[in-house]
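If you follow the hints, you should be able to join the two separate chains into one complex; please do so.
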Amino acid sequence: MAASEPTALERFINGILPENPVFRQLLGMCPVLAVTNGMKPAMTMAAATASVLICANIIISLIRGFLKPHLRILVFTLTIATFVTITDRFLAAYVYTMSKQLGPYVPLIIVNCLIISRCEICASKQRVSVAIADAVGMSIGYALPLACIATVRELLGSGTWFGCPVLAESWWPRWGIMVLPPGGFLVLGILLATSEWYTHRRAARAGM
Amino acid sequence: METIINLIQIALLAALINNFVLHYFVGICPFLGVSRRVDMAVGMGCAVTFVISLAAFLSWTFTYYLLRPEAPLPAWIWKLVGGSADAKIDLSVLSYIMYIFVIASSVQFVEMYLRKFFPSLYKSFGVFLPLITTNCAILFACLEIMKQLQNPNELWGLHEALTLAVAGGIGFTIAITLMAGLREELDLCDVPKPFQGPGIALVIAGIMAMAFMGFTGMDQGVKNALSSLLH
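In the order they appear, the protein sequences are chains V and R.
Note that numbering that gives the first Met the number 0 gives residue 42 to position 43 of the first sequence, counting from 1, and the numbers run on in steps of one.
Note that numbering that gives the first Met the number 0 gives residue 69 to position 70 of the second sequence, counting from 1, and the numbers run on in steps of one.
Looking at chain R on its own, in the form it has when it is part of the complex (with noise of 0.2 Å):
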């Protein structure tokens, strides 16, 4: 039971309290670049949730085996060429590129599944969908999944890194929609000139940002109250 309250947390973290675009800044290129219609923002939003999660499986296990300090299976090669036993190793330096390479084939991978089984969606998505490779919201899924892997003494397991990125990825979501939304209604005001296009859009992001300030503290009361519902 401890363990799906401390879930809810990581959720309720990653997705309001802590949003990846509007407390940490990650992804502002799609969240400013496919939010001017509701019906995209929801596909671009649903297309990085898939790849995070995706991601954050394959990082995790990459993490987890092979590149966190005293992970079995180099220790375990090491040990089969005749290495000595009390050598440290730490191959925490390749994360960065293996990083990269798994979101690149990630991506890839998800735009062949939507070539082959779901073409239109495939096509109206055209040059964003390999442009998510790039997007920082990925990366950095993966980077927050390494960061808990560092310190031995409260390793994350599968289940805490996957709901990290699924409830990051929803965030993202709700962040883009909700900003599409205004954007629709946006385009009937009359807006100063200079202000047009990015300007406003930050504007408005950053007004969304005070709003989602309010949800500080919401983990810890809901952790209490599910807590005192348990006891």
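The shape of chain V in the complex, shown without the other chains (with noise of 0.2 Å):
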């Protein structure tokens, strides 16, 4: 254990780049490829996913006096699940069409690793504050690489961004396998090569 542990400001900060969930971390992933052919499903699903982890991150550190080192994942894995199925209700009551668009992905957040690995690296162990502090930075560091691929399959692959159209049919030929599974994969893989030489260059410019 480190001399101290770190502060609410560090914790919100490290979420966005640092310790970015998607970019360095590789958690979360069925999502990102999942709902990411459109803006908005792919937003939706941003905010479920934060709704459920500052939640979640706020139950767990409350309770974490009470917590037994065997029974924690359950507990956390208990918690996690109430709040899905609030959110899931939440969902299909007030935008019920893109519930349905998003389908069995809302449940799925249950099984998201970024919000079980948060509960327990830094709700179980740290206050209220950092731990909303925590959750809230790395909300917005899952909520940045989903609209990155969102905005780069939905624009070649409709035309379109968060539904509005932006690239005229006439000059831009839709790229049909964008909106597809594979597009997903494309993306995502060229975007982590990308952010992978960004990270090298600019090591090896702070090394010279």
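I should point out that these hints are in silico values taken from the structure, not numbers from a laboratory.
Hints may contain errors.
[As the list claims (entries may be wrong)] Pairwise CB distance ranges, derived in the manner of DEER restraints:
#1 V:Ser169 - R:His158: 49 to 59 Å
#2 V:Leu73 - R:Val41: 23 to 33 Å
#3 R:Leu187 - V:Ala203: 18 to 28 Å
#4 V:Gly158 - R:Gly82: 53 to 63 Å
#5 R:Leu120 - V:Ser169: 36 to 46 Å
#6 R:Arg114 - V:Lys67: 13 to 23 Å
#7 R:Gly81 - V:Arg88: 41 to 51 Å
#8 V:Leu73 - R:Gly196: 30 to 40 Å
#9 R:Gly156 - V:Ser169: 50 to 60 Å
#10 V:Leu73 - R:Gly81: 49 to 59 Å
#11 V:Gly158 - R:Leu120: 19 to 29 Å
#12 V:Phe89 - R:Asp85: 41 to 51 Å
#13 R:Glu183 - V:Ser169: 26 to 36 Å
Note that the Cβ used here is the ideal one computed from N, Cα and C, for glycine as well.
The structure is reproduced here in structure tokens:
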């Protein structure tokens, strides 16, 4: 254990770039690939994940004194499942078409490794304020790559952004592959390589 | 005979056409994490297939008798405690929590069984065995079964649920084994530095997903061929 636990601000910033859940830790990949064929579903997914992450982090941080080591994963999972059920019902009540479109991926937030890892690493050890800061930072860090991939796939695949037409059909032929499953893999692979290349270049410059 | 054709169609859909990994993107974490060597990938695939079948059996039972709208057990209990007969009971809100419980206990059971009877296999899996709990593929199979049980007109029986689960597990095994074979070959290749690791793996997965798209429509073809064979 380090001499001092990270403060709230450090946790917040940490989530956005230095420990970005998608680029750095490769956590929660299923929704990153599955719901990014359009900006709208991607952002709904990011918001749903954020709400579950924040609520779960608060609850786990509040009860961290009572957690027994061998039962903690079970407690995490049940807390997360409860909040996912709430979020799922909320989405079905207020944005029904979007909830239908997202389908099984909303309940699949339960097994999103990102949330369990944040509960384990941060919320079960630190104060509520730090846990909230961490959850908000991580949520932003999760929404960013989702937005990047969704922008590329929606622009190239259907020529729109958030459903608004951007590229005219006449001079931009639609890349159908981008909104189909293979497009998700390809865009994420290229994006990961770009982020890796950028990190290496910056490290090399700093070393000079 | 119709039933068997229907089952074959479900199996083809789950294993090849809508492959869990390459079409629905579930189970990406082990797909990228445990696909460095073929033997480990096959072992992981078998473990997942087994857990998926167990979890599908349990979750079908619970959903059919307890959780779906118009399930028999809660209505019976409701009558027993003297509730009015026309009350509608729908416990499907509880399904996510129930499924996670079922999956976690199945994994625990498999872990205990392996430790007792196959200690060497248990050791080689290491940390990946408990991680099956958070494998989205298993929860996804449970959710697909639940979707079919929500619709009272064409309820799925246990045989259909189990076919979906086993075929889904086999599809996962196929995908992860192919991936591991490709990555073993990749060790000898000169991959550009930024692409090394997950980058190239995802690009390969994209190309594999394109190849699997070629199976589209195969289920209808097989169904038509089998039907014409029978009549």
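Okay, the hints, checked on the actual structure:
| no. | hint | verdict |
| --- | --- | --- |
| 1 | V:Ser169 - R:His158: 49 to 59 Å | holds (52 Å) |
| 2 | V:Leu73 - R:Val41: 23 to 33 Å | holds (30 Å) |
| 3 | R:Leu187 - V:Ala203: 18 to 28 Å | holds (27 Å) |
| 4 | V:Gly158 - R:Gly82: 53 to 63 Å | holds (56 Å) |
| 5 | R:Leu120 - V:Ser169: 36 to 46 Å | violated (60 Å) |
| 6 | R:Arg114 - V:Lys67: 13 to 23 Å | holds (22 Å) |
| 7 | R:Gly81 - V:Arg88: 41 to 51 Å | violated (29 Å) |
| 8 | V:Leu73 - R:Gly196: 30 to 40 Å | holds (32 Å) |
| 9 | R:Gly156 - V:Ser169: 50 to 60 Å | holds (52 Å) |
| 10 | V:Leu73 - R:Gly81: 49 to 59 Å | violated (35 Å) |
| 11 | V:Gly158 - R:Leu120: 19 to 29 Å | violated (51 Å) |
| 12 | V:Phe89 - R:Asp85: 41 to 51 Å | violated (29 Å) |
| 13 | R:Glu183 - V:Ser169: 26 to 36 Å | violated (47 Å) |
Violation of the numbered hints given earlier is confined to hints 5, 7, 10, 11, 12, 13; the remaining hints are satisfied by the structure.
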